[in-house]
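Asks: One line per chain: the protein sequences are Z and U, in this order. For what it's worth, numbering that gives the first Met the number 0 labels the leading residue of the first sequence as 0, then goes sequentially. For what it's worth, numbering that gives the first Met the number 0 labels the leading residue of the second sequence as 0, then goes sequentially.
Read the hints as simulated data drawn from the structure, not as lab findings. Among the clues, some could well be false.
Unchecked claim - Reference listing, derived: stretches of chain Z covered by chain U, where coverage requires no fewer than 3 residues with Cβ under 8 Å from a Cβ of chain U:
| # | stretch |
| --- | --- |
| 1 | 18 to 29 |
| 2 | 107 to 114 |
| 3 | 152 to 166 |
Said to hold, decoys possible - Listed next, the in silico DSS-like pairs over lysine-lysine satisfying Cα-Cα at most 25 Å (straight line):
| # | chain 1 | residue 1 | chain 2 | residue 2 |
| --- | --- | --- | --- | --- |
| 4 | U | LYS170 | Z | LYS173 |
| 5 | U | LYS257 | U | LYS272 |
| 6 | Z | LYS190 | U | LYS269 |
| 7 | Z | LYS190 | U | LYS97 |
| 8 | Z | LYS56 | U | LYS426 |
| 9 | U | LYS182 | U | LYS168 |
Cβ coordinates follow ideal geometry from the N, Cα and C atoms, glycine included.
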Amino acid sequence: MAYDKFNILTSAAVPLPLENVDTDQIIPARFLKATERKNFGDNLFRDWRYHPDGTPKTDFVLNNPLYTAQTPPRKILVGGRNFGSGSSREHAAWAVYDYGFRCVVSSFFADIFKNNSINVGILPVQVSAGFLDQIFEAIHADPDAALEVSLPDQTITILATGAQEKFDINVYKKDNLTNGYDDIDYLRAMKAEIGAFAERSLY
Amino acid sequence: MTQSQQTAPNTLFDKVWDAHVVRSVAGGPDVFFIDRHFIHEVTSPVAFLGLETRGVGVLFPERTFATADHNTPTINQHLPVSDALSANQLDALERNSKKHSISHWGLGHHKNGIVHVVGPENGITQPGMTIVCGDSHTSTHGAFGAIAFGIGTSEVEMVLASQCIMQPKPKKMRITIDGTLQKGVLAKDAILYVIAQISASGATGYFVEYAGEVFENMSMEGRMTVCNMSIEMGARGGMIAPDETTFAYLEGREYSPKGQAWDKALQYWKTLKTDQGAVFDLEYHYHAADIEPQITYGTNPGMGTGISKHIPNASDVLDGGASYAKSLNYMGFAENDQIIGKAVDFVFLGSCTNGRIEDFRAFASIVKGRKKAAHVTAWLVPGSHIVEEQIKAEGILDVLTESGFALRQPGCSACLAMNDDKVPAGKYAVSTSNRNFEGRQGPGARTLLASPLVAAAAAVMGVVTDPRELM
Ligand code: SF4
Numbered sequence: 000m001a002y003d004k005f006n007i008l009t010s011a012a013v014p015l016p017l018e019n020v021d022t023d024q025i026i027p028a029r030f031l032k033a034t035e036r037k038n039f040g041d042n043l044f045r046d047w048r049y050h051p052d053g054t055p056k057t058d059f060v061l062n063n064p065l066y067t068a069q070t071p072p073r074k075i076l077v078g079g080r081n082f083g084s085g086s087s088r089e090h091a092a093w094a095v096y097d098y099g100f101r102c103v104v105s106s107f108f109a110d111i112f113k114n115n116s117i118n119v120g121i122l123p124v125q126v127s128a129g130f131l132d133q134i135f136e137a138i139h140a141d142p143d144a145a146l147e148v149s150l151p152d153q154t155i156t157i158l159a160t161g162a163q164e165k166f167d168i169n170v171y172k173k174d175n176l177t178n179g180y181d182d183i184d185y186l187r188a189m190k191a192e193i194g195a196f197a198e199r200s201l202y
Numbered sequence: 000m001t002q003s004q005q006t007a008p009n010t011l012f013d014k015v016w017d018a019h020v021v022r023s024v025a026g027g028p029d030v031f032f033i034d035r036h037f038i039h040e041v042t043s044p045v046a047f048l049g050l051e052t053r054g055v056g057v058l059f060p061e062r063t064f065a066t067a068d069h070n071t072p073t074i075n076q077h078l079p080v081s082d083a084l085s086a087n088q089l090d091a092l093e094r095n096s097k098k099h100s101i102s103h104w105g106l107g108h109h110k111n112g113i114v115h116v117v118g119p120e121n122g123i124t125q126p127g128m129t130i131v132c133g134d135s136h137t138s139t140h141g142a143f144g145a146i147a148f149g150i151g152t153s154e155v156e157m158v159l160a161s162q163c164i165m166q167p168k169p170k171k172m173r174i175t176i177d178g179t180l181q182k183g184v185l186a187k188d189a190i191l192y193v194i195a196q197i198s199a200s201g202a203t204g205y206f207v208e209y210a211g212e213v214f215e216n217m218s219m220e221g222r223m224t225v226c227n228m229s230i231e232m233g234a235r236g237g238m239i240a241p242d243e244t245t246f247a248y249l250e251g252r253e254y255s256p257k258g259q260a261w262d263k264a265l266q267y268w269k270t271l272k273t274d275q276g277a278v279f280d281l282e283y284h285y286h287a288a289d290i291e292p293q294i295t296y297g298t299n300p301g302m303g304t305g306i307s308k309h310i311p312n313a314s315d316v317l318d319g320g321a322s323y324a325k326s327l328n329y330m331g332f333a334e335n336d337q338i339i340g341k342a343v344d345f346v347f348l349g350s351c352t353n354g355r356i357e358d359f360r361a362f363a364s365i366v367k368g369r370k371k372a373a374h375v376t377a378w379l380v381p382g383s384h385i386v387e388e389q390i391k392a393e394g395i396l397d398v399l400t401e402s403g404f405a406l407r408q409p410g411c412s413a414c415l416a417m418n419d420d421k422v423p424a425g426k427y428a429v430s431t432s433n434r435n436f437e438g439r440q441g442p443g444a445r446t447l448l449a450s451p452l453v454a455a456a457a458a459v460m461g462v463v464t465d466p467r468e469l470m
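Bound-form chain U, shown alone (with noise of 0.2 Å):
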């Protein structure tokens, strides 16, 4: 390398990616390694069974965490699961977790949760770290300054096998927010508003990172919920620049480093920023004061806008063709018609994009003196048994339960449906999830996505309605 090379200003990106290439492949992808995977009991098993056929063992155990959430009932954790495929899966990664001496968090241990709000509240998640998991929301570790993406089962086993992946090296987009949020804007408010003008697919084949004020202003939380969705609009992942939020978050938990470790990994967190000059392949622009409470009205994350506009007509939108309509048919909307005052008959508060501590907060700030609607049915899904316990330390729990809403235990839920929490064909959930796909949230199940404040305000009206009026 030339002494003007090591000059050249470098993206946050860069530095992290190029520390990781064990090899370039010539004409191919890189030989990327892996500091930190994270399995669960859905995309596993099979990987753990090619290890076995090709008479493998795992390389590197004390580098992958196991925890079991896709699956796992919300209520009564304590009894068997009664769905005997889903036992079957969480006894599967007991079983291959002890017998490749991988950590294991399975369903009842203290710190089981989701697997991305897990890693992060125990320190495993660092700055400059790249990290895998067969679930496309491990971008949402990216809040950290880390490179963190989903991955195949193929490349699961690849993972156990290896501790390494190949990977071509993915364009780079920065998306910077200027200004300050206003009340009741939340991140995710700011994460939807991005992917409505970016599109579904407006960031594939890119990796991206947020910059600007609206994300140093953030708190670590917001910035996972926005980093979770970079997948919802196409991109590998998301980061964010470690800094003084990110240091404070982690200093003490239990994975972090300590002592001399810790001074030694902060000298080279604190270089891990985009130099002044680096060039990306692609930037976006927005200000803070153009965006308002979000929430969508179509069948992909793209469908979505301010929560005070009417459903675009097919003409002004990017993809306006026969899927547009078909879209609009399966939610029961027609162009043109008003957001506020839909019918809501469900309320999904948690998964790894809003069930921390911060959300729930949120949600209580809104439906506090207030009761729940008689008819909505409500799921407050903590992500983790530390959320759980932060809720009930903090009085949350209390006042949820006098608003007549109840808590249940940790997992994805609603927010994928493979467990038995599904909204049933054809009612209409406001949730605070990331995926508002056809059946997401149970065959025939109609998905609002919006933020914790919006939901709350569903909840208690009965129908979808602007929470800056309840503020």
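This is chain Z alone, in the form it adopts within the complex (with noise of 0.2 Å):
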């Protein structure tokens, strides 16, 4: 599917300080039951987020006017370490999309969540265990502070402190993800070259 490129990006951030955020918490299971791609974002953090009549649990941070009252929208997301582990389901990537968020920073990402948001057009920012907490004290002092994410030059910065990080992304996702590209596009033009290696398979 079709995803807006990414170049610079400046905003402020959502901020979510647990460690080991699950796919199962991202999008519950019941949730899957879709065959099209739509309204994931409504359910996103899905029982973090409501209770189940269907309230907003007013402790929970995409209830928090402070972060979310804002339009358009923050494009961040920042949370704490092992974000998106367990279940494959590319849903938890559609929901963090579809919500509205372009960019989710973590000390540490868990491998399907992390690929599977980039193939999705969001771009998972790695940084140091020190350059997150600095960044979550950032968003404490001013709930609005800014970052702003340089997929050219790799970086992520604090505007209030100008303190920087550099992060990694291999060439080939970077070079998608600025040009909307995708895979399938790139795959699609080797057929004959897969092809030829599928006759040679033993299996």
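Join the two chains into one complex using the hints; note that each chain is given alone, in its own frame.
Replies: Structure, rendered in structure tokens:
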């Protein structure tokens, strides 16, 4: 599915300072029954966000007007270590994207979530534990503290303090995100080479 | 390639990986060829929609296998599925499979069952293969010496369209356990023990090889249980070198090679082991003597310990911060609580971790001659119809029935509670599945992961019990 190209993103952030946030929390299994990709953002963090009767849980960050009352909505989510562990459901990445986030920052990502994110157009930015603490502190000091994420330079900056860190992303994936391409475009162009490989395969 | 490189010692993982690289992208991932692709009803519909939008077909339909499992009811499977959304997904799987000439074992088909149970038991999974599925527990198939891992829906679409995905090569880890597992200690305990040592994220970025006596002496069922849970420590997957146990398991299965093809395959499969002196990025060593029956007390699979132990204090664990307190609070537990004697409301035997014949044998060995505790609701769900048939053929069903248990029909069931098999909020379930996340078995459900023996002991005693006392 087509997604918006990624270049430089400047936005305040929504902080979620919890470790091991798993994809069952990001989107519970009972919302995986769709056969189309529609409205997943509504159920992002469903059980942390809403009571069983559908009323919002006021203590959850996505219901805190400090972070969510702004227009346009904030595009950066900052999570604790081991973000996105558990199930391979891409629905988790869809929910994050469809809610409006384009970038997730953490000191550590689960592998499959990281892959899925890039495939749907979300940039996962992995920072050091120390830098993550600095981000949380900056947001604590000023809920509107803005972050600048530059994909071309592979840097993330806390604008209020000027603190900056580099992040890693492989060249190929960077190129995809910058141009809004996906892997299937690339693979389709290799059809003959793949066919020849399959011919030689033992299985 | 120079001579010295050719003879350099290689790992099992490298041998299989390198044999599947179609092309390496400069500075990027490998274009990685996939031998077998499993699909199910939950993560495939949007991938097929994507193909349609692009106007692209399935490149090699004979390499993809569809089975319905995540969303299926476990009683009255002959009736129409009452949940409209589930029924819609099951229809979509059938429609898409038919349209693209993909083999489809839908609800009611005699080969139907959980994708990671039916693949191996029909011989579709073989050593040296690359296998993917839109499900993180695809790592199960690594038990055969295959590279197998879970993928997202975009990647499902990629594999359908091109039989390849773009993958950077992970780092390599080896986990060795020496010695012999003690009485009452199963494969599930071995892997829960490892995850508790390494943590739920300790193997992220790695592909694991399990080595040592414990795995060499393990049955294929046990090896599948171990590889299944590799993902629960963050690993992309886990694998075990194929050996005589593997070959004996595969011989004669429906999709296993036959005749000359078998001999040829066997010759190749015998080369699939890590050479002496091959180097891993990270190694861990454990001893079987240190492992007792395990159980989890928290909300990620790394929060587990020996069943005779107390719940650790926050200061003694790796992830002891705010998340630890939140987790114990969710479970209704406190630091230093004794785990034995904790209340149990539900028992779940099943899932792609422990829904195979051996698991039912183990469960039956404990409940035989005893009665199910009156207040416990027990869901016993075979991983496939083939497992179900075997349970009946071996007389296990009679043992279970006599003890007050009933058998349900195959599917993922309470492992992820997408169907009606949900544990109610606040209730405790001793579960043989693989995840104890908040709400995994139903909103508010509290899950304690354990082996089939521990589950059986809980089912008859009505509280968490050390199964060794009942053996
Ligand atoms: S049994 Fe559970 S873990 Fe296994 S495939 Fe089904 S839902 Fe996934």
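Asks: Now tell me, hint by hint, if it's right for this structure.
Replies: Hint-by-hint comparison with the structure:
1. Against chain U, the stretch 18 to 29 of chain Z contributes 8 residues with a C-beta closer than 8 Å to a partner C-beta. That satisfies the three-residue criterion, and the hint holds.
2. Coverage of a stretch by a chain is defined here by at least three residues with a beta carbon nearer than 8 Å to that chain's beta carbons; for the stretch 107 to 114 of chain Z and chain U the count is 6, and the condition holds.
3. A stretch counts as covered by a chain when three or more of its residues have a beta carbon under 8 Å from one of that chain; for the stretch 152 to 166 of chain Z and chain U the count is 0, and the coverage is violated.
4. Annotation: proposed proximity of LYS170 of chain U to LYS173 of chain Z holds, straight-line Cα distance about 21 Å (limit 25 Å).
5. Using a Cα cut-off of 25 Å, the hinted pair LYS257 of chain U and LYS272 of chain U holds, with the two alpha carbons roughly 23 Å apart.
6. Distance restraint check for LYS190 of chain Z and LYS269 of chain U: the Cα-Cα separation of roughly 32 Å exceeds the 25 Å cut-off, and the hinted pair is therefore not satisfied.
7. A C-alpha spacing of about 23 Å is found between LYS190 of chain Z and LYS97 of chain U, which places the hinted pair at or below 25 Å, so the restraint holds.
8. Taken as a hint, the LYS56 of chain Z and LYS426 of chain U pair is honoured in the structure, with Cα atoms around 22 Å apart against an allowance of 25 Å.
9. In summary, the hint linking LYS182 of chain U to LYS168 of chain U is not supported, as the alpha carbons are separated by about 39 Å, beyond the 25 Å threshold.
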